[in-house]
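Fit chains X, P, E and R with the ligands to the known structure of chain V by using the hints.
This is what each chain is made of:
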Amino acid sequence: MNTLLEVKDLRVKYGNIEALHGVSFNVNEGEIVTLIGANGAGKTTTLLSISRLPPPEAPKVIEGDITWKGNSILDMPPHKVISDLHLALVPEGRHIFGNLTVEENLKIATYARKDSIKDIHGDYDRVFTLFPRLAERKKQRSESLSGGEQQMLAVGRAIMSKCNFIMLDEPSMGLAPLLMYDMFRTLKQLNKEGLSILLIEQNAHLALKFAHRGYVLDTGEIVASGSSADLMDNPEVKKAYLGG
Amino acid sequence: MDILIQNLLNALQWGSFYALIALGYTLVYGVLLLINFAHGDIFMVGAYIAFFVATFFLGLFDFAPWMVLALTVPLTMLLTAGVGVTLERIAYRPLRRKGAHRLYVVITALMCGLILENGNLALLGASRKKFPELLDKVVYTWGNVSVTNLKLIVILAAITVFLILQFIVTRTRIGMAMRGISYDKFAIPLMGIPIDSVIVFTFVLGSGMAGLAGLLFAMSYPILEPYMGALIGWKAFIAAVVGGIGDIRGAFLGGFLLGFIEVGVVAMFPSTYRDLFAFSILLMILWIKPTGIFGVAKTTKI
Amino acid sequence: MSLLSIDGLTQRFGGLQAVSDFNIELEEGSLTGLIGPNGAGKTTIFNLISGFYQPTEGIIKLDGTPTRGLKPHQVTALGVARTFQNIRLWHDMTVMDNIRIAQHYRLGYDFFDAIMRSKNYYRREKEIERISTELLEFMDLRQYAEELPTNLPYGLQRRVEIARAMSIQPKLLLLDEPAAGLNSSDVEGLIKLIRWIHNEFDITILMIEHQMKVVMSLCSWIKCIDFGATIAEGTPEDIQSSETVIKAYLGDDSI
Amino acid sequence: GCSKEEEKIKIGFNIPLTGDIPKVGEASKNAAQMLLADINAQGGLEVGGKKIPLEFIYEDNESKAESAVNAALKLIEQDGVVALIGPNSSKQAVPAGGTCNDNRTPMVSPWSTNPDTTKNRPWVFRAAFLDPFQGPVAVNFATKQFKATTAAVLFDVSNDYSKGLAEIFKEVFEKKNGADSVVAFVSHGTKDQDFSAQLTKIINSKPDFIFVPDNYNQVALIVRQARDLGWKGPFMGSDAWGSAELMKLCGDDCKGQFFSTHYAAAGAKGATKEFIDRYEAKYGETPDDVAALTWDATRLVLQAIQDSGSYNSDVKKERKAIRDALSSIKEFAGITGSMKFDSQGDPIKCAVVVRIDETGNFVFAESICP
Amino acid sequence: MQKYSFNIGLWALAAVVVALSQFGALDLYIQSVIMFIGINIILSSSLNVVNGYMGEFSCGHAGFMCVGAYVSSVLSVLFFAQDKIFGAPLLPPELAPLGFPIIVLFSGLVAAVTGLIVAIPSFKTRGDYLAIITIAANYMVISAIENMASVGGPRGFMGMKRVVNAMTDVVDIPWMMIWVILGTFMSVWMIRRFVSSTYGKGIMSICQDEVAAEIMSVNTNKMKMAAFMLSSGLAGIAGALFAHVLGYVNPQSFNIMKSTECLVMVYLGGMASLGGSVISAIFFTVMLELLRFIIPAIDTALHFVNILPDSYHLSQVWKWVLIPLTLILLMQFRPEGIMGNKELSDLFPRLKKFYKFK
Ligand SMILES: Nc1ncnc2c1ncn2[C@@H]1O[C@H](COP(=O)(O)OP(=O)(O)OP(=O)(O)O)[C@@H](O)[C@H]1O
Ligand SMILES: Nc1ncnc2c1ncn2[C@@H]1O[C@H](COP(=O)(O)OP(=O)(O)OP(=O)(O)O)[C@@H](O)[C@H]1O
Ligand SMILES: [Mg+2]
Ligand SMILES: [Mg+2]
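As they're listed, the protein sequences go chains V, X, P, E and R.
Quick note on the numbering used here: the first sequence kicks off at 14 and runs consecutively.
Quick note on the numbering used here: the second sequence kicks off at 720 and runs consecutively.
Quick note on the numbering used here: the third sequence kicks off at 2 and runs consecutively.
Quick note on the numbering used here: the fourth sequence kicks off at 5 and runs consecutively.
Quick note on the numbering used here: the fifth sequence kicks off at 3 and runs consecutively.
In isolation and in its complexed conformation, chain V is listed as follows:
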């Protein structure tokens, strides 16, 4: 299997505060990998570093390397990460464009795509079948959507960007159970079609059930890793993250 993304000894800082103290992990092509950890462990920080977003919102890498198929991407501007590597991020806190309509939000996600209008339309259909609610709200300004609907839109945007690697930061937040399961099933389906996924999820149980492999992050360091099944059996992980 090809290693797509590899993070090596990553240390990052917000201003003067170090948030990650040497994090290493990798994601292979076609894999679903999850990062679990307590609130504030540095999961979001890791994803933001990979996306190469500039400060102040995102942290500054002070040491270590992030490589994509073996090449360092530390000097890559963030938009290139999407347009050239096809690596998308569904950020924590949704970050939808509230002043655009639902439809425009989906459309803006295709900014970097170069394929035909027809393909793009096919993806609209995919999003709308997964989230029928969005189809009903197509022309609505998206800031007036309910919390869950906004979350659907954020995930929908990632699908529209047609990337072959998606990083999801708590995608299930605020989603009703029915929809949450639907979403995970769709993602699984996409994975089968070749999509690689890096997932962060508060519900460790669900995350491990969904992923092939996992890493446990604690205060900026990886403390355990392994296949999902191994992690689920690990007594420490069980105690700390799976609620006993």
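Just so you know, not all the hints are guaranteed correct.
[As the list claims (entries may be wrong)] When the alpha-carbon atoms are kept at most 35 Å apart in a straight line, the in silico DSBU-like pairs for lysine-lysine are as follows:
#, chain 1, residue 1, chain 2, residue 2
1, P, K248, V, K152
2, V, K205, X, K904
3, R, K86, P, K172
4, P, K172, P, K193
5, V, K151, X, K1020
Worth flagging that the hints you see were computed from the coordinates, not collected in a lab.
What follows is chains X, P, E and R with the ligands alone, placed relative to chain V:
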């Protein structure tokens, strides 16, 4: 009746200038939520650039005035755009990068405006410049109504610029990106959009339009002085807000509205009360529509 | 008599009917859950109760007083406190200040007292200080009193938000997805906290939540809505086994 | 060794180098520089048989009242000047005049026309005539020249000079030609650039001529726009038209118009002509009235220093001596005409009416003396 | 006792300044600069209430200043001085030292009421829409006064010097210096007390999250009104002092340029930092005056090293290039203003020993 038509034409021309400048304000605001208080002065610089370009060509070669005009229009727009982009690069962008509160950028813009004004004064002296005639004036008269060809050109230019900008902002992908930036700068790169290029593009458009406005203004009111952009800049900003800042239609309509109100008040009331009345009317409009004519109230979703 | 009674509540946004003919009666001291698919209108109902929207139709009565026409701060003064789906703390003020400002409606002194620093001012400030410290103590937040909320972990921020709502000394507490974004161990803590608040202060709680674990273990009565109208209600057991609820909301958990 | 600082006569200039009217400050400064160079080239000002070099200190008052006061105080207290020239416009000259008067320092405003500047201020003088004199000059001349019975006025509401003159003009004109003979009395704002609404109103009231007591830069715009709107009648202007730049800015449109002013550049004789020629040679433009008036104001002060007979190195005593000498100057031959001073320190001098001829020169049309 | 040493120090400093002025040790120029510093402190700190603490963007502060200046001028001349419009004084001029502070406070009150024309629209609208309401209010105030012939219109209004002289006739001390210092202390003290009370912190909660504030029982409309009225009232007091220090007012002294100066001082100092406002007002005023001395020095220096051609002299025109340039550079280094949103006591915790900053 004649008076009415004449005043209508006056208002259209004067409103055109407000609209042209307000469009630049709104464009930048629509993207960065930055009240670019230097915009009025960029307009002034545009007029000066037009002056230098035109006199250069007139002096150097024996060009016909209309040829000079044809050369001056694109050159002025380009050079003025350069000024706007430079400001963005050296003054606004570093602040943005440091995550400064947006009002600090606004104050920086204000300072940049002052530098442009007074730098011009210090370098070129206080003498006013007279803009050369590039267009043979034709006065069309019907009864008591008179209108010059220049007036018609100005009005036409404002409408064209509006249509172009409206198309760019609402119909194109880059326009969509521009609107997105104002709401959430953070997520823009995540859509694969080069944020800095979009911002630079915005400044190119906005300042280019200011350059065009400066040129047309200099042709219509051919006296250039360093402070010529200050007052009209403030008023155009007001027009943009009344129209609903961030909205292209709003700036266009707001500009003409302000033109009509100012001309209307002078025509109907004692002219000494012009500012008092004009601003009262604007306040009334904002009272009825607190977010301007085209402005959409931000729904706070809780 | 019931503390909150809502009758025929309807809310339209343009052509969209977010809440339609919604009814509820909350007995004093009850702990009720409000669930439903995304966009069902749950948060909108909260907004209507707290006076943030004026209902298109319907009557909301608190302790028998109709709340139509009241501003949100007036409704709050009647004893309705709430938390938000996305945390809305005042991020640039200390936790202590957050708690104190939420007592604005019963400050008991005015502008001139503040400027002149009258006796009344000192007496009231002292009182508020005391109440706030006590509350923070109760909620196990005492050591964070001088921290800014942004610097706290997510779980604690949720707790601070609940503390802020509690400082209003409400009769009715509205919780909008209090467990969203919390990890499993924090969720356990939250369940304990809510249960404790409910018993200790003997207040009425209405909560929205998507995590079934929370709803099922806390609520004695659950109402499930869709398209702004009730589609099922009952005890946790009833709801869990209701076909309608499973079809519209719970779904099957195979991945 | 121990070198004693060379004695110099310090004179302060409180002028608007930035702000609304930088051109006024620049012209003032230019004239002063020329005068300074003249005198210092001869080794200084001859006072009581001794030549003392001059030093001019220019302070910017930014066209703001509070800055003018600060600038005046700085010149008085920090620089120890013996007299001040300026401020030019009344907005600054009125408060700065108060400051100078309180601090017993003579001040001569070249350009201010507001009576309050000098009123009950024994230390404050000026070189320009007042509005109440210029108003009737314009009325009388226009009535005669254009055989006018009706007039329209366009003025700047925020400019006290313009507004004051407009009001006096209206009063005098209506006294002469009957009530409502001023058929349109219309205003604009200080930095306005478009006057079409006002002009439409004026043209429609069909006056015999339009009186425009406005600064030359606005005049240029007003005249042009009036022509665009189809106005073919004459204009009458005031001293604020009298700038070298007027013709550069206004071009053909202004030719043939009249205005009242302090002096006429074209056809000037003697000292006036010499001043104009040298100024043109040095700065490449015809001096405007501010330049000429600054020249006169400064020369007035120098004259006073010479009159006092000796230069006193005690600044306070010298200031008193200058003031006394200034107030006793009975007649002074300036380049803007010869002037006498009344008890308030205001000059009584002749106004001239100037016609702009076909070559754009300001030619003498008539001289009107009080 | 120690807790008050900061206060005592300030009063002592004030007493020294007054004494030095009285005995002529400070020349009038320095005195005038000190008075303008005081007035600017009032302006910037009062604007900070709205723009910093409440987070609105008010750009018409000079309008309120104008109201205060005119109301106080007309009243003080009416009561205490002979005037060509108002005739003989209504009260014996000996009462001026007593009447003056009352007039100043009253003009502050009138300005505060004028502040309502901005406060009430602020219920419905925010941010940049409010910005132009304040600009419009500024223009309207000026335009209204220009149309009032009885107070001189564009000619301006004077006679206040006579009121000041009347005070000096009673006791010969630097009255205006004393009033300005008292006014400055009072303003800063009022604002300090307001924003440190739980009541006043309501406006900060509006700044950070208005929706949450309203739902958490803060009466946002009332708080906005309080903030706007406090701010404009103090601006009115600044205007009253300004008018009497200058002895002359002119509507154009209060135009949008003056308002922008206030804005610059607020943001330069740091939003929601009272200490910052005070420091930046001092910095700004002093820099403005210092440049009168610095520019000739630079000119000499540049000529000395032969960078500038002999015929060219740097004039004061460069002042308004250098000031904004300095400010821009300053903001590049401190993008949150000199003090950020901190107070001196936050930066130097040890100061707390000397003064209770509550
Ligand atoms: N913008 C920021 N500035 C300073 N510190 C930050 C910033 N963002 C996060 N941190 C700190 O970095 C650490 C890691 O935060 P991060 O958001 O990555 O955690 P997380 O694992 O995603 O937590 P959660 O489960 O709450 O999302 C935390 O201690 C947090 O306080
Ligand atoms: N201000 C508004 N304008 C227009 N539509 C709105 C507005 N507020 C809510 N809506 C719509 O009303 C519906 C109900 O929204 P609400 O926020 O109440 O949902 P919810 O039940 O809380 O959902 P979730 O579980 O996702 O938070 C949504 O479809 C939303 O799009
Ligand atoms: Mg996170
Ligand atoms: Mg909700």
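Outcome of the hint check:
1. P:K248 / V:K152: Since the Cα atoms of K248 of chain P and K152 of chain V sit roughly 27 Å apart, the hinted pair holds (cutoff 35 Å).
2. V:K205 / X:K904: Roughly 33 Å between the alpha carbons, so the hint for K205 of chain V and K904 of chain X holds.
3. R:K86 / P:K172: Violated, at about 68 Å.
4. P:K172 / P:K193: Satisfied, since the Cα-Cα distance of roughly 20 Å is no more than 35 Å.
5. V:K151 / X:K1020: holds (18 Å)
Violated hint: 3 only; the structure is consistent with all others.
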